[in-house]
Amino acid sequence: MMRRLSLLRAVALDSFLSGTRDKLFTLFSVFAFTAVYASVLAGVMAVDQEARVLSDMGLALMELTALAYALFSASTALLREAETKTIYLVFSRPVPRGLYLAGKLGGSLLTSALMLAVMAAMHLLLLRLRGFGVPDCYGWALAGSFLKLAVITSFALFVSLFSTSAVSTLVISGIMWTLGHFAPEARFLAEKAEGLRAAALKTALFLVPNLQLLNARDASGSACALPAAALVPAVCWVLACYLGALWLLRRKEF
Amino acid sequence: MRAGRLLPLAALLAWLAGGLAAASLGGSGYPPPSALRSTAASASWDMGALAFGARRLFADLWFVRLMQYYGTPEIPEDGHDEASCAEPGHHHHHYGLNGEGRYPLFLPISLHVLQLDPYFGAAALYSAGSLAFNMNRPADAEAVLRFALAYDQRAWKHLNLLAAIGYSRSGDPAAVAAALAPMLKDPDCPVMLKQQAAFLNKRIGNYAAAAAIYADIAATSRDQAYVANARRELQKLASAAGGRP
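As they're listed, the protein sequences go chains A and B. For the record, in the first sequence the residue sitting at position 213 is 213 according to my numbering, with numbers rising by one throughout. For the record, in the second sequence the residue sitting at position 53 is 53 according to my numbering, with numbers rising by one throughout.
Hints should not be assumed to be uniformly reliable.
What the hints assert, rightly or not - Facing chain A, according to a computed beta carbon distance under 7 angstroms, are these residues of chain B, among others:
hint : residue
1    : Leu6
2    : Pro8
3    : Ala11
4    : Gly18
5    : Arg55
6    : Ala211
Calculated from the structure, these hints are not laboratory results. All C-beta atoms, glycine included, are put in the ideal place defined by N, C-alpha and C.
Can you make the complete structure from the sequences, with help from the hints?
In structure tokens form, the structure reads like this:
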């Protein structure tokens, strides 16, 4: 058991460190800082609503930047290792594929968490410099963004194992991200529809992860706190992607 | 080998379990897409708001656009030059002394902001206040407030403003000022409404209350035009008080 944990930690740490050493990581961080700083302009235009605009824009930009990096990282993680033959070296040793995959996913999630934390620190500093405190529900917004990133990163990892290129993985995952945010609208349409169309929409509701459920950043009114029950679907979707990815990885000949 | 065969089934079950758990957690609390009425060039923005789960952010951006629209002078039909803003000190340059004008897109854009985020209290108050007190369109102002109240029934400031608009229609400035008073200390209260309350208090001779509101505007607003006006009014009130026995 200890050996397995140690293996898991080694793979996750390697994935995390190679992620943070990546030039793209720096590039995304610089972009995030620039984008968050640019949001000051919109904030100033909102005059007395500057705090709200700065907060909303910063959180959205942070999430989109972390999403871009997480998707890119997840869609290339296994592909790059296969191309550089590193994966053959790993699997020539007694490393179970399940642990390897869990380590890769864990590393990607750690990198996303680090990105969010760094950008949040920059964002809060910026807010402070403009004379504002920590916005309401800020922690919940970050937690929600992280959970959404966890779902979509694991989905991208799963897709990367059967798609033909990193670009197609990015596109498929991007579409899933968009569909995930449309889930409440799809539910509304399903309730209005009748017959076969209603059945099709209701089935689709189960097949698309409802990311809006985890979207505390955009929560309406005072309902910004993520309910503990929201963790259940997030964990289920991550687990499903992991199991699906493991199935595909087992079928590959390395 | 057998475990390998079970993996896709386990993955599918886990995915469906996630869907079931999510379905039991209810809706988003936002207006449905059918409530979104497109205004000029808003359709693609609305798509972005829904696709990226950023209704709040897009409501913010539409609110900025609303203020820009209201801050842009209307070209008068009779060809007269734009009047300059005097008391009660609007920083926007409208055709009219106090933000009057037709601004035909003001109501649709205001409603659009609230269709994206009906919990954006400051936007509802700003829009309704401008419509009722500056543009003399109380019915439109009430429509804005009622839309917001349909989603946020506990918004007491909306109810107070509704009452103030009612008193304004019946020509009772003292009652309007009294209805506005409780919301003035709220951080969400638009400076425009504070300005209106100060002006009404001055009009009914309640100079101490007017001075207190102007002092609050000068101390808290980030809008330099309102701050400058509040300082001017404070000076006027101080010199008038010096002249009074």
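Okay, the hints, checked on the actual structure:
1. Leu6: With a minimum Cβ separation of about 9 angstroms from chain A (threshold 7 angstroms), the hint on Leu6 (chain B) is violated.
2. Pro8: holds (5 angstroms)
3. Ala11: holds (4 angstroms)
4. Gly18: holds (3 angstroms)
5. Arg55: It holds, given that the least Cβ distance between Arg55 (chain B) and chain A is near 6 angstroms, below 7 angstroms.
6. Ala211: With a closest approach of 21 angstroms, the Ala211 (chain B) hint is violated.
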